[in-house]
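Note that the protein sequences, when read in sequence, are chains W and R.
Here numbering that gives the first Met the number 0 is used: the first sequence runs in plain steps of one and ends on residue 246.
Here numbering that gives the first Met the number 0 is used: the second sequence runs in plain steps of one and ends on residue 246.
Misleading hints may appear alongside valid ones.
The list treats identical chains as interchangeable, and a pair is accepted whether it falls inside one copy or across any two copies.
No farther apart than 25 angstroms at their CA atoms in a straight line, the calculated lysine-lysine pairs in the DSS-like style are these [said to hold, decoys possible]:
no., residue 1, residue 2
1, 242, 227
2, 146, 56
3, 27, 214
4, 94, 149
5, 55, 89
6, 192, 146
It should be emphasised that the hints constitute simulated quantities derived from the structure, not laboratory data.
Spelled out, the chains give:
2 protein chains.
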Amino acid sequence: MIDLEFFNNRRTVRKYNNNKISDSELNKMLEAAFRAPTTGNMQLYSVVVTRSEAGKKALSPAHFNQPSVTGCDVVLTFCADFNRFEKWCKISDAKPGYNNFQSFMTAVIDTLLVAQQFCTIAEMSGLGCCYLGTTTYNAPQISEILKLPKRVVPVTTLTLGYPDGDSPLSDRLSADAIIHRGHYRDYSDEVIKSYYAEKESRDDSRRFVEENGKKSLAQVFTDVRYPKINNEVFSDIYMEFIKNQGY
Amino acid sequence: MIDLEFFNNRRTVRKYNNNKISDSELNKMLEAAFRAPTTGNMQLYSVVVTRSEAGKKALSPAHFNQPSVTGCDVVLTFCADFNRFEKWCKISDAKPGYNNFQSFMTAVIDTLLVAQQFCTIAEMSGLGCCYLGTTTYNAPQISEILKLPKRVVPVTTLTLGYPDGDSPLSDRLSADAIIHRGHYRDYSDEVIKSYYAEKESRDDSRRFVEENGKKSLAQVFTDVRYPKINNEVFSDIYMEFIKNQGY
Numbered sequence: 000m001i002d003l004e005f006f007n008n009r010r011t012v013r014k015y016n017n018n019k020i021s022d023s024e025l026n027k028m029l030e031a032a033f034r035a036p037t038t039g040n041m042q043l044y045s046v047v048v049t050r051s052e053a054g055k056k057a058l059s060p061a062h063f064n065q066p067s068v069t070g071c072d073v074v075l076t077f078c079a080d081f082n083r084f085e086k087w088c089k090i091s092d093a094k095p096g097y098n099n100f101q102s103f104m105t106a107v108i109d110t111l112l113v114a115q116q117f118c119t120i121a122e123m124s125g126l127g128c129c130y131l132g133t134t135t136y137n138a139p140q141i142s143e144i145l146k147l148p149k150r151v152v153p154v155t156t157l158t159l160g161y162p163d164g165d166s167p168l169s170d171r172l173s174a175d176a177i178i179h180r181g182h183y184r185d186y187s188d189e190v191i192k193s194y195y196a197e198k199e200s201r202d203d204s205r206r207f208v209e210e211n212g213k214k215s216l217a218q219v220f221t222d223v224r225y226p227k228i229n230n231e232v233f234s235d236i237y238m239e240f241i242k243n244q245g246y
Numbered sequence: 000m001i002d003l004e005f006f007n008n009r010r011t012v013r014k015y016n017n018n019k020i021s022d023s024e025l026n027k028m029l030e031a032a033f034r035a036p037t038t039g040n041m042q043l044y045s046v047v048v049t050r051s052e053a054g055k056k057a058l059s060p061a062h063f064n065q066p067s068v069t070g071c072d073v074v075l076t077f078c079a080d081f082n083r084f085e086k087w088c089k090i091s092d093a094k095p096g097y098n099n100f101q102s103f104m105t106a107v108i109d110t111l112l113v114a115q116q117f118c119t120i121a122e123m124s125g126l127g128c129c130y131l132g133t134t135t136y137n138a139p140q141i142s143e144i145l146k147l148p149k150r151v152v153p154v155t156t157l158t159l160g161y162p163d164g165d166s167p168l169s170d171r172l173s174a175d176a177i178i179h180r181g182h183y184r185d186y187s188d189e190v191i192k193s194y195y196a197e198k199e200s201r202d203d204s205r206r207f208v209e210e211n212g213k214k215s216l217a218q219v220f221t222d223v224r225y226p227k228i229n230n231e232v233f234s235d236i237y238m239e240f241i242k243n244q245g246y
């Protein structure tokens with residue numbers, strides 16, 4: 000087994016200095032990312048590279064003006080893409096049947112494996128990355144800015160650059176909380192309490208609860224960070240968008 | 000930039016020898032995989048580990064009896080999981096609002112980033128992996144076998160073991176076919192033709208076309224490997240299952 004130090008110590012980086020990645024290095028890293036596993040070797044993804052100030056500014060509101068968008072060197076939008084494959088089918092006298100949800104999921108899987116292979120390559124190379132979950136919230140705006148055609152849906156975004164200063168290592172649940180042997184063992188209240196105890200007792204968690212005027216850390220998630228109403232609104236938007244894009 | 004040799008040469012491994020991974024090594028690799036980026040540090044995934052012969056045999060039909068399932072050392076089923084997080088919310092006087100499609104997608108993203116981080120760690124450690132796309136086809140059967148509760152949905156599966164012999168390096172499209180600068184540039188027929196020319200001219204592709212009695216490589220995909228009717232049937236099954244699981 001390899002030394003797991005790198006993986007155990009990786010961290011998300013949201014602040015970048017002014018050093019630039021060269022286009023040729025970025026290309027080589029992306030090319031290596033495209034070696035990630037892909038369903039039936041169909042490579043059902045595209046990556047839109049945004050390097051210009053104007054391009055980043057245009058994308059920024061779609062990511063709720065998270066500062067890493069305009070503050071990074073490169074924004075990479077990873078899209079599920081059956082457009083290219085279908086065009087190939089059509090010029091090859093083959094009738095594609097990929098206008099459906101299963102095909103969307105297949106492309107989503109391909110897309111995320113590539114994104115994470117890229118993230119690992121970039122981080123190993125001394126770069127810092129941050130995933131933007133806002134991609135599935137504001138897919139219609141992102142799609143308009145990036146001129147995505149039918150059968151192309153943005154799934155995730157990475158901001159990329161050389162780190163400015165240190166970033167904290169996030170806590171994680173103990174692996175026992177995630178791993179199920181043989182079959183899923185559902186959690187009793189006591190077990191859940193013990194798995195989340197460390198997270199809740201952390202200084203940053205306590206500060207988080209206090210600053211938001213909440214009674215528990217979980218309430219910060221349900222009431223402030225990922226509330227039901229937002230999830231519902233963005234569910235409708237994303238689902239409608241996926242259908243409009245022809246899935 | 001790191002040497003990209005490892006990433007450029009990785010390959011999917013479907014045949015395994017009899018060497019076993021120890022439980023403690025597997026745990027350490029999974030633990031390092033759980034360091035992958037995750038939305039709001041919610042860790043919206045579970046991994047079910049199947050090592051017993053009986054367990055693999057039970058899963059095999061759900062993966063259309065692909066030989067790597069019973070022929071591997073370990074089967075890992077990666078599941079999108081809001082169950083654990085919701086249970087924590089409920090005991091913390093917080094009202095979860097994650098019974099919707101956006102939350103499902105968030106958990107899917109978390110799940111696939113972890114799966115690919117695990118795959119990289121395993122491959123770097125000399126193990127071989129194979130993703131099973133059948134996971135989204137036969138999610139209801141898999142769920143029954145693995146006793147998945149509400150809000151837990153299998154997304155992908157990895158078979159894992161020490162490689163038996165060499166596996167071929169798959170071809171890939173040129174990176175130019177995948178990368179779009181500034182915005183998406185849609186493909187003309189000529190451009191598509193040039194991007195897929197190398198793939199079509201490969202010996203294994205020609206054999207594939209001939210063996211299947213087809214006129215083009217694309218027809219092997221549309222008529223044999225991923226036909227419309229299958230995609231539609233499995234779309235309905237997966238969508239219904241996701242809803243039944245409470246999303």
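Alpha-carbon proximity context of residue 146 and residue 56, limit 25 angstroms: So residue 146 and residue 56 pass the 25 angstroms test inside one copy only (16 angstroms; across, 47 angstroms).
Same-copy or cross-copy closeness of residue 242 to residue 227 [CA-CA at most 25 angstroms]: both (23 angstroms within a copy, 17 angstroms between copies)
Copy assignment of residue 94 with residue 149, given that the CA separation must stay at most 25 angstroms: within (17 angstroms within a copy, 37 angstroms between copies)
Homomeric proximity label, residue 27 with residue 214: Cα distance no greater than 25 angstroms: For residue 27 and residue 214, the Cα distance exceeds 25 angstroms both inside one copy (48 angstroms) and across copies (35 angstroms).
Status of residue 146 relative to residue 192 across identical chains (alpha carbons, at most 25 angstroms): Answer is between; shortest inter-copy Cα gap is 22 angstroms, intra-copy 47 angstroms.
Homomeric proximity label, residue 55 with residue 89: Cα distance no greater than 25 angstroms: Classified as neither: same-chain Cα gap 34 angstroms, cross-chain 39 angstroms, threshold 25 angstroms.
Hint compliance for this structure: hints 3 and 5 are broken, all remaining hints hold.
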